[in-house]
Every structure is written in C-alpha cells, then in structure tokens.
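Chemist: In case you want the letters, here they are:
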Amino acid sequence: MIARKHFLSAGIAAALLFAMVPGQVFADTLIRNARVHTASATGTLESADVLIRDGRIAAVGSKLDAGTAQVVDAGGKPLTPGLFGGVNGLGVEDVSLEQGTVDHAYTPAATMPAGDMEHRPEFSMGDAYNPDSVVIPVQRVEGVTFNMVSPSSLPGGSLFSGLGGLAVLDGRAALLPGSKVLFVALGSGASPLTGNSRAAQMMILRQAFDEAKAPAADGGLLTSAGRATLAQFSRGGRVAFSVNRAVDIDRAVAFAREYGLKPIIIGGVEAWKKREMLAAANVPVVLDPLNNLPGDFDSIGASLHSAKWLHEAGVPIVFHLSGDAAHNARKVRQAAGNAVAHGLDWEAGLRAITVNPARTFGVNDRGEIAVGQFADLVLWSGDPLEVTSLAEQVWIEGRVQSQESHQTALRDRYRKP
Amino acid sequence: MPRRHLLLPLVAISAVAAASEPYPSTYQPLPAQPMLIRDATVLVGDGSKLEAGDVLVRDGRIAAIGADLPKQEGVTEIDGRGRVLTPGIIDIHSHLGVYASPGLQGHQDGNEMSDPVTAGVWAEHSIMPEDTGFDAARAAGVTSLLILPGSANLIGGRAVAVRNVPATTYQAMKFPGAPHGLKMACGENPKRLYGTKGRAPGTRMGNVAGYRQAFADARSYLDEWERYEKDLATFEQSAQDKPKSRSKDKPAAQPPKMPKRDLKLETLAGVLKGEILVQNHCYRSDEMAIQLDLAKEFGFKITAFHHATEAYQVADLLAENGTCAAMWADWWGFKLEAFEGVQENIAIVDRVKNGCAIVHSDSSEGIQRLNQEAAKAMTRGNAMGYGITPEHAIRWLTLNPAKAMGILDQTGTVEVGKRADLVLWNRDPFSVYALTEAVYIDGAEVFSRANPSQQHVSDFLLGAKVQP
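Chains as they are written, first to last, in the working numbering: chain A, 1 to 417; chain B, 1001 to 1468.
Keep in mind the hints are simulated off the structure, nothing from the lab.
Note that the Cβ used here is the ideal one computed from N, Cα and C, for glycine as well.
Warning: the hint list may mix true and false statements.
Stated by the list, open to error - With a Cα cut of at most 20 Å, we get these calculated SDA-like pairs of lysine to any residue:
no., chain 1, residue 1, chain 2, residue 2
1, B, Lys1335, A, Gly323
2, B, Lys1335, A, Ser405
3, B, Lys1301, B, Asp1286
4, B, Lys1418, B, Gly1066
5, B, Lys1335, A, Ser133
Unchecked claim - Here are a few chain B residues that face chain A, going by a calculated C-beta distance under 7 Å:
no., residue
6, Ser1101
7, Pro1102
8, Gly1103
9, Gln1213
10, Tyr1312
11, Gln1313
12, Leu1317
13, Trp1332
14, Gly1333
15, Phe1334
16, Lys1335
17, Leu1336
18, Glu1340
19, Arg1351
20, Tyr1433
Using the sequences and the hints, build the whole thing.
Modeler: Have a look at this one:
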C-alpha cells in the first residue's frame, strides 16, 4: 500500500471544510468519475457520476452537468450506498460490561430483590437511543450510516425483547418512522426466560397474542400498552425472531403466518436448511456469515457457506455480527467479504449490508444509489468489502460527515512518525 | 554408583520441578512425503520475500529454499504459481479446547475461578483435543498455538503450546520442548470477580498486592528449595568423601529434609528462574507500566502483554523492556479498560525500535482469520505513512509469536532446518478473499481445501449434516 494513499483528495477536503461551517446550508454535490456500486438491479457502473440535490440522489449517469453543484472528483474509486451496521445496541450501549451505560434489555427480575417477570413488548429502544453515543462516530467514519437499534433478552427479562427501529447515524434522535420491529427471542438462549423449555416459548407467544385480541379474564400476561403493541403487530407488523435451530425457524414462520405477522429471522444459523420455505414465504434472514462453529445444540448446522446457500435459493439476506455487535458494527463489511470468499456473489454481498437491511426493516428510500434515494454514500479507497480498503468520505442525506471519532483523536495524540 | 542414582530422582524433582514434563508430549509428525513447492511467492516470515520461490520439504523439515531448485526423484512437485506460501500461522492467545464448542456448561474449563492465584493449574489439563475450533483454525492456516487459562484470576495458571494436529489426547498435540507459559491478568476481570464475592482483590491496588504476595511467597519457596539442594549436595559430597567415616560414636549425618512441594509456588518459582514465560493479559498502558515494575521487583521478565489495547501509548517502554504486545486489530469498548482501543495499535507498537507486535485472537472466530486482522492493522499503519509490506506484516503472525512462545528455533519462519509448518494461500493472504489451499504441519498435509478427506471432522460433528 502506498503511503498517504487514503488522504483526502483536494475536492473532498474542500467539501469537508465546507460542511464544517456551522449553520451552513449544504450545497448540492456532483461526485464525478466513481466506480458506482448501486446495490440495485443496475449493478456496478464504471466511471459514473452521481448528482446529489437537496439530500437526495438526483441523477446517476455519465458526464452529468454539475450546474451549481460543487464537484468532488472520485478518481475512479468505488462509491457505495451507506452501510448497515447490523442489528445491535449501537446508541443504547457504550461499554458492554458497564450496566449504567447499557439500555438495551429490560430485566426487572434481575434486580435485588428479584422483581416479578414481566412481559413488556412495548419496551422501546426509541426511548433510550442516544444519537451522540461516542460509539457511533467510530462506526460512521468507516462508512456505517444506518443501524437497527435492537433490544435484547437477558436473564431477568422476557422473550419479548421489545421494540427496535432503524437509526440514521447523523445525530438525529428519532428512529426512522416505519422501521419499527418487535423482537422476540426463541431457542436455547431464551429458554431460561420461559421456565427452561422452548415449548413454553410458543405457549407464551400464543397466550400473549391471543390476549392482544381479547384481554384475558384472569389477569393475563400483558399491560394494556403491551396488548396494544401486539395488536398493532398482528396487522402485518414486522416481528424479528432471534432463532437458530432449523425446526424452530419453521415454527416461528408458522406462528407468524397464523397471527398475521411479517417474520424476520435473526441469527438463523440453520436457516439454510429451510431455505426453500423461507424463499417461498419471502422471509429475510439476518445472519453473521462468520458464524461457523456449533456454539450450542441449536447451531450444529453452522457453516461459512450459509449466506451463499440462502442467497442462491432466493432468500433475502442481511448481515450483522453476533458478538459485541455494536462496537464491531464497522466489521460488517469484512463479514460480507468473507461470505464472498466462500462463494457468495459479490453484488449480493454488498446488497446484504445496504439495500437488503433497509427493505427488510421497512425503509424504501435508502440503501441504493438510484434517483430519488437519500444520498447516504461512501467513497472508498478500494473494494469496499476488502480489509485493506478504507472509507475516505461519508455522506448522509448529502451532507459530508466528519471523519473524526474518539479513536481518530486518540490516534492523532499518540501516533509515531 | 548406585547410591547416587537413587538420589537423582529427588534432585530432578526439586531443581527442575517447574520445567520438567510430568505430562510429556507424545507428538509425532504425521507421515509426510517429500515435496517441492515451486514458483510460489514466499513470505519468509523474517521480513523478506521471494518471488517465484521454491521450497523443498524432506523428512518434515525445510530442506532447501531458492529459485529453480533441481527436480528430484520421488519428490512430489506442487505448483505454487499465483499462490503465496507463508509459515504456519501461530496464535499466541487461544482458549480452544479449554472452552470447546459447543460452548455449553460442560465445556467451561478455561477459568479456575476458585482463588485469585491458581498458578498450580495447567491449561493443558482442560484441553479437549476434539474441539471443532481446532479444525476451523487449521483450515485457516493455524499450525501452532498457545492455549491459556482465562483471565478471571490474577494468576490463572500455566499455558501450553500445541501443534494443531488432529489428536485424541492433548499430549499428542503438545509442542515438544516448548517452554510453559504463565497466564497473569491485570485490571477489571480479577477485581470484578473476587470483589463481587466480597474478597480480595476488589480494586486494582488489591490486584497488585495479590501479585506481589504471590511472588514474595514464590521467592521464599525458591530460596527454601535452593537451600535444600545445597544442603543435599553437601550431604552427598560428604557421604562420598568419607564413605567409611561413620564411627560408632558419631551419629551418621542425616540427609536434609525435602521441602513440601507446592504446585502453585512451583510454577511461580519457574517464572523466577526464567523457565516459564509470562503472558500477561493487560489492557491499559498505566497497568502495563506497573506490571513491568512488578517484574523488576521480583526479578522476572514479562514476555508479552496480551490484548494490550493501549500498548500504542507505551510502545517505547515495551520495546525497552523487550516485551511484546499481542493485540487485536480492532476489538474495543466491550469493557471500560478496552475503551481507548485504536486500529493503529499494532502498527504503532511495530513502528518503534525493537518493537514486537503480535496479532492474536482470543477467539474461535478471530483465529480463523488472523491474516485479515493483520491486513487491517497493516492498512491502518500505511494510512499513517508507515509503508508496511506484507512480508513485514506476516511477522506479526509467525516470527513474533514464535519468539514470544519460545519456539522460534523450531517454527515461525520458512528457514532451512526448521519444521515445515507451511500455508499455501490461493492469493495474497492480506485480502479478505484469500483462502488456504493447503496447510502443512511438519511437512504433512493436514488440510486441503480441494480434498474433503484431508479435512478433519471433530467427533462432535460426526453424523451432523452440514451440506445442502
């Protein structure tokens, strides 16, 4: 690698300076001569221009007229949609092991003295998300522009993890409207939450959703807010089931069908075994393509080829990381690269971290480089799925994002010549 | 003289107790045919590179390296064109086998969380050789690794170097002649675990008091044994010098009483004698400096700091002390002591004079792509203008960990006479798309991507269908 290769080109540096002026109205931008990975059916366009107007992509083509837009010369480098960071606690978790910085799990029964187990599907990440979390810029400078902020189920909590939604990582506090997802934990990981049997998971799920239709006479599981939440999802709402074992995936999808939910599989280690069913039902699978070891008896079918097998069967795939996922969100593109190394089509790998997560979670105006989409873009030093490439510039809704983070500041303090 | 022979076992137990191998290696190289890998790009491991290099392997050892080596009778030739040959990858921080897959309760054997100082336990006695993780690591080019106890304790026990061959017993994996390691841990883990149990240590100062007391005890123990050995030698000498001097009036001199063995102190005494290499889990730069002072106070050396997310802040200090840092490329933030991690860590440690940077995994996932971790670290260094080449960066995975594990004389570089631990990659290993084509340990092919019969399947996965 050539030294200083990644330094900002003059055009980008100018754009950055411009963007740093407080209160400045953002100019339109023409990114000229990029290798444009559209993540759409159009695929990759060589030496293409992308015109950004009012925060959206106004044109994609060659030799576009800049008009009054400022021009950024991409020098033939790759341009992609902004990347997805995964399904994780970004913005609701600063330091995983410091309880006071972690807000992604409701665990009343874990307190001392233990509270009663409560099922609170209405527990919502939108009430906790911190857009200024120091963890966020660390991901954003690496090209991560949006993320599913998800609740989790931990000991002392419930199999209803709660409500999550997509965050656009430009400092806004509100999660994207229309991206609300109910998270439900199933399988051996959630077994201690349901009397130590996965059979009780289906039992409680049925009881709760039935209760949402007709409140129980004898007390019941949910608050009125919980019933309202489930009733809302019963009309085709997105419910993300964290589940790995093949037969449990079958049961989750069947349950969703019975109760009118739109299912999403999270984890899905053995989803490849059910790929025909998932493809036919158009059920997306959010998986960690690096997960190839049998972590438990739900994951004996773990394979580095899962992503390829699912994609080739027609299942929509989305990538995330399964371990310490918030801090490692920037590593999702490496995970995609590994899936490609193990046979996944490269364009499919890119879509799994751009357009697929947007569509999976109900967002249609981001995720591709296409006219009308929000201009969430990343300019790369090289192949965006390659570990030797770096993000050089990041735009969210057409605005240049700062390339500074806690880590770049530490680097600059301690770097050696 | 029969009398002396009788005494020898006693001496053996005492003087070299820490270094002896009561659980000896039974490792035997697998049968291997001589082979000549031709026209590969060879990243030698010592910082150099050969384009279109030939490597001859005979009797499990590297027999010749060069260009256009002569064709030889009975030597299988392997086409290395377009491929990259590296030394076998070495992971200096692994818990494979001691936290085997599946990661259920029955496999939680990596942390003896019953006392803050458990120097008497040996990780090797927890290793399950049939951990699927060994197979996955082998497929990723890992040929040797150091398996350590976890970091719950101030002093967690002994680490062991193993050869990553399929085996039924750990002894058959144990790296012959490799020194033992000692796992120590700084910071949050020990103080959290024991502090929440209402016992020491509950603070970082409590941690340090714990190490100091342990090594003070070890010093006394070692003194006691050395005094005993001296007395024993004197006794034997006098018995030899005056074999017939026993008179009826004088009672015969009695041999000195052998001190009681203490397995915990025996390990720490081994550290003080320099026979056991200290591998120290330590994130924060200030704590690394304290650990280096601790080592000076008691007269031992810290071979490497592990995890070392803040090593970049004290890179010079580490280099001056001859202490390596084993690091991740980008893990950070999961606990407070890991919050100041930067992706330039490895490159900065490597940058200073005599810097010794190692890429480690501490993870059954990470161990499968140490080449990618090194690639990320190299890229970050080059973004600072360091100009790091692949032939230099491969040292972080080969030469440097071999040095810090005390096995560099046997492996870690592609060098004539060394064990033929080799990886043939389908392309530049500093790419996310690179895959191993073949992995050799002592010249025997232990993994072939093209040939499923050369892909060991663990007992656990036998009969499980992982094919569409």
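Chemist: Starting from the hint list further up, note which numbers the structure goes against and sort them upward.
Modeler: Violated hints: 9, 12; rest satisfied.
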